[in-house]
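Number of protein chains: 2
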Amino acid sequence: MRNLNQDTITQAVIARFAQTPDPRLKEIMTSLVQHLHAFAREVKLTEAEWMAGIQFLTATGQKCDDKRQEFILLSDTLGLSMLTVAMNNDKPAGCTEATVFGPFHVEGAPHYEHGDDVANGASGEPCLVRGRVLGADGKPVANAEVEVWQADADGNYDVQYEGLEHHRARGILHSGADGRFHFKTIVAEAYPIPVDGPVGDMLRATNRHPWRPAHLHFMIKAPGYETLITHVFRDGDPYLDSDAVFGVRQSLVADWVKQADGSYMLDFDFVLNPAHVAAK
Amino acid sequence: MRNLNQDTITQAVIARFAQTPDPRLKEIMTSLVQHLHAFAREVKLTEAEWMAGIQFLTATGQKCDDKRQEFILLSDTLGLSMLTVAMNNDKPAGCTEATVFGPFHVEGAPHYEHGDDVANGASGEPCLVRGRVLGADGKPVANAEVEVWQADADGNYDVQYEGLEHHRARGILHSGADGRFHFKTIVAEAYPIPVDGPVGDMLRATNRHPWRPAHLHFMIKAPGYETLITHVFRDGDPYLDSDAVFGVRQSLVADWVKQADGSYMLDFDFVLNPAHVAAK
Chain A
26 MRNLNQDTIT
36 QAVIARFAQT
46 PDPRLKEIMT
56 SLVQHLHAFA
66 REVKLTEAEW
76 MAGIQFLTAT
86 GQKCDDKRQE
96 FILLSDTLGL
106 SMLTVAMNND
116 KPAGCTEATV
126 FGPFHVEGAP
136 HYEHGDDVAN
146 GASGEPCLVR
156 GRVLGADGKP
166 VANAEVEVWQ
176 ADADGNYDVQ
186 YEGLEHHRAR
196 GILHSGADGR
206 FHFKTIVAEA
216 YPIPVDGPVG
226 DMLRATNRHP
236 WRPAHLHFMI
246 KAPGYETLIT
256 HVFRDGDPYL
266 DSDAVFGVRQ
276 SLVADWVKQA
286 DGSYMLDFDF
296 VLNPAHVAAK
Chain B
26 MRNLNQDTIT
36 QAVIARFAQT
46 PDPRLKEIMT
56 SLVQHLHAFA
66 REVKLTEAEW
76 MAGIQFLTAT
86 GQKCDDKRQE
96 FILLSDTLGL
106 SMLTVAMNND
116 KPAGCTEATV
126 FGPFHVEGAP
136 HYEHGDDVAN
146 GASGEPCLVR
156 GRVLGADGKP
166 VANAEVEVWQ
176 ADADGNYDVQ
186 YEGLEHHRAR
196 GILHSGADGR
206 FHFKTIVAEA
216 YPIPVDGPVG
226 DMLRATNRHP
236 WRPAHLHFMI
246 KAPGYETLIT
256 HVFRDGDPYL
266 DSDAVFGVRQ
276 SLVADWVKQA
286 DGSYMLDFDF
296 VLNPAHVAAK
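Protein chains in written order, with our numbering: chain A, 26 to 305; chain B, 26 to 305.
One should not assume that every hint holds.
Note: identical chains are not told apart, hence a pair may lie in one copy or across any two.
Unchecked claim - In silico lysine to any residue, SDA-like type, Cα no more than 25 Å apart, as pairs: (1) Lys246 / Met76; (2) Lys209 / Asn145; (3) Lys209 / Gly222; (4) Lys164 / His199; (5) Lys92 / Phe81; (6) Lys209 / His130; (7) Lys246 / Gly163; (8) Lys69 / Ala230; (9) Lys69 / Thr55; (10) Lys92 / Glu214; (11) Lys51 / Arg66; (12) Lys92 / Ile79; (13) Lys116 / Ile254; (14) Lys69 / Met112; (15) Lys92 / Glu132; (16) Lys51 / Val220; (17) Lys116 / Ala37.
No wet-lab data here; the hints were simulated from the structure.
The whole structure should be built from the sequences, with the hints applied where relevant.
Here it is, written out as structure tokens:
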């Protein structure tokens, strides 16, 4: 192993992973090395390009903190997140489809009761959201944990405001015995993903727009069911066909209906996949 | 583009790069997306594994500072660095081969005169290094910039010592009119790459040792020649056949000869590749 060249090095690196105790980790590292090397070989990566890549990845890591996850944003904009979601959430017909988690979920969202205003001061037009959590058999799922988060009218999540001490437009409720929940919030609006970091540099260099169609994030957990991580997208949004993170599914597009008093109403039911079906 | 699935998303992401103005960047992003998705698809990456990958890359970026480059270390240990070096340094026979740059080069190394001790207080057995910088025609290259750096007897580079204010075992000299240079330093010893970060976690999880065979780093620059980035490796080292970063080339292995007074002597000539040959 003293004269590795561009033709022999890949097998030499793979051989070095031969003693990996966990067979799954061995499988992943072997595949990763093969594809990473195949990429470098296919484009005949130059040393300057290699260094640019090192610097890009370093800057991406250093942009991350407890409120910003630039590597998730990179994965999202390269379609890796949606590919992973699609591969792992091949649910039976009738179940609500999953989409990307996104970088703006945080732990510790406040708990709310039905009818509360989760906006909690976030700017935007008033909106009532109501729906049901159901099983695939159509029966209500009681006491499901329904976590919701969204951007405000300026396109920002609460965690994007420096020094904001309380959560806005983010909260956790529980479905009632009839599977129903409802809460007040603000209308979802289209917004650009953050472009003040390396991902923004990448989008500008490749002439890609940073916009996401208007959406409301949901994560729904209930015993006996797969956790559902999804969005509801707002019908009519101009970015539904060019989401910067490739997350739109037609079955998740819904109408925010304008009411007589000028406020909006979203009505959406979520159908959970039983956990035993997921365990393949 | 509203119903992307695991079979259609890759082409949709590639299409999004269609308006990239720089054709080389477009080529690189297209290849990167294909290989990144092929990897995820081949191993059927789970969402938990995806998140573990996000966290690993984030931690790798956050381990970097002005003295530590964990992404270079990751690239080195995955063989990507050596693959890139090999693809880009296919020199004519007779020229000194290149090897990995490594993560411990820093700007601003002190300048020394012939005969000076570049160790500058670094621990280790005394050693004289001498050699010549030559062109492929065998003629001396005068006034070439010869930068050298190495670890000390404890296996650490100067930048690995917290709070050390001056450089040790690192310096820049210039070849004389006859192409010759010589300096005092310490004997190169085998050492483990730093394992207190994510790369160390990866090596432990895969049962890989972190050792590099003893070596002295050189970067040699002269007008009209390709910059040579290489090492000289110490013959007899037990890690020559299992370098943690895959950098060993037999032509770079040399003898550190013990002298009558107990000190060591390394004699090594470097043959530079004319720059016009490199410009393919």
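Going down the list of hints, with the structure as the test:
1. Lys246 / Met76: between (43 Å within a copy, 19 Å between copies)
2. Lys209 / Asn145: within (10 Å within a copy, 69 Å between copies)
3. Lys209 / Gly222: Cα proximity of lysine 209 and glycine 222: none, with 33 Å in one copy and 45 Å across.
4. Lys164 / His199: Within one copy only: 16 Å inside, 81 Å across.
5. Lys92 / Phe81: both (20 Å within a copy, 17 Å between copies)
6. Lys209 / His130: This pair counts as within: shortest intra-copy Cα distance 19 Å, inter-copy 57 Å.
7. Lys246 / Gly163: Close inside one copy (17 Å), not across copies (73 Å); limit 25 Å.
8. Lys69 / Ala230: within (20 Å within a copy, 30 Å between copies)
9. Lys69 / Thr55: Both: 21 Å inside a chain and 13 Å across chains, each within 25 Å.
10. Lys92 / Glu214: within (21 Å within a copy, 43 Å between copies)
11. Lys51 / Arg66: both (22 Å within a copy, 16 Å between copies)
12. Lys92 / Ile79: Classified as both: same-chain Cα gap 23 Å, cross-chain 15 Å, threshold 25 Å.
13. Lys116 / Ile254: within (12 Å within a copy, 53 Å between copies)
14. Lys69 / Met112: between (30 Å within a copy, 7 Å between copies)
15. Lys92 / Glu132: For lysine 92 and glutamate 132, only the intra-copy Cα distance (10 Å) is at most 25 Å; the inter-copy one is 33 Å.
16. Lys51 / Val220: between (36 Å within a copy, 19 Å between copies)
17. Lys116 / Ala37: between (40 Å within a copy, 22 Å between copies)
The structure does not agree with numbered hint 3 stated previously, though it agrees with all others.
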